[in-house]
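J.: So the chains spell out like this:
There are 2 protein chains.
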Amino acid sequence: MACLFCQIASGEVAANIVYKSEGVTAFRDVAPQAPTHILVIPDRHIAGAAEVTSADEVVVGRLVRVAAEAARMEGITDRGYRLIINQGHDAGQSIDHLHVHLLGGRPLPTPLV
Amino acid sequence: MACLFCQIASGEVAANIVYKSEGVTAFRDVAPQAPTHILVIPDRHIAGAAEVTSADEVVVGRLVRVAAEAARMEGITDRGYRLIINQGHDAGQSIDHLHVHLLGGRPLPTPLV
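Protein chains in written order, with the working numbering: chain A, 1 to 113; chain B, 1 to 113.
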């Protein structure tokens, strides 16, 4: 079965893309949970955090840097934001392609979970 | 003012350390919000996600890999877990030293925020 996020990265499926460079794509979540809700993915398929190897460290670190850059573009750096990676069933991971949620634009709840 | 997490990384302040290697330290949160609540930090000071540069990508990616390794050690990989980075006021970032929260051991709430 084709991976939806691979298809978004390749351009085969349309998405509201906010950043694309260096093997990373960032696009708006179709069901936003906050005023800013952007997903940042590696173009190359990695199933999830549990599958990250030493060889993936650069691109995974880049997801965080690009998420921070997207936050800057959204104008929410000063007030702050939350980055979330869900792994597996307990966390509600819905697409088996590693993705960082960038959430912000309003105060975010504590406790964290 | 001394940074608490720099002091934990250097061993100057004690913590319940679960992993230490390759410029990364993982230790249990003193006020756990889930059955597993571990913090993963770069030993070298990075203030937060907003300060991550291209030169930091390897160590930041390593935080995710080590968090996944800590989850494996906790036996929660199969059921899943959530990784969270808080940046700034809206997210409730409390220590200005980049840290990944590893949270798991029970079903985690949705929506995410």
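Errors might be hidden in some of the hints.
[Stated by the list, open to error] Stretches of chain B that chain A covers, calculated by requiring three or more beta carbons in the stretch to come under 8 Å of a beta carbon on chain A:
hint, stretch
1, 3-16
2, 65-71
3, 106-113
[To be verified] Partial list, derived from the structure: chain B residues whose beta carbon lies under 8 Å from chain A:
hint, residue
4, SER21
5, VAL30
6, VAL52
7, ARG62
8, GLU74
9, THR77
These aren't lab readings, by the way, just hints derived from the structure by calculation. All residues carry an ideal CB built from backbone N, CA and C; glycine is no exception.
J.: For every hint, state whether the structure bears it out.
T.: Structure-based check of each hint:
no. : hint    : verdict
1   : 3-16    : violated (count 0)
2   : 65-71   : holds (count 4)
3   : 106-113 : holds (count 8)
4   : SER21   : violated (11 Å)
5   : VAL30   : violated (14 Å)
6   : VAL52   : holds (5 Å)
7   : ARG62   : holds (5 Å)
8   : GLU74   : violated (12 Å)
9   : THR77   : holds (5 Å)
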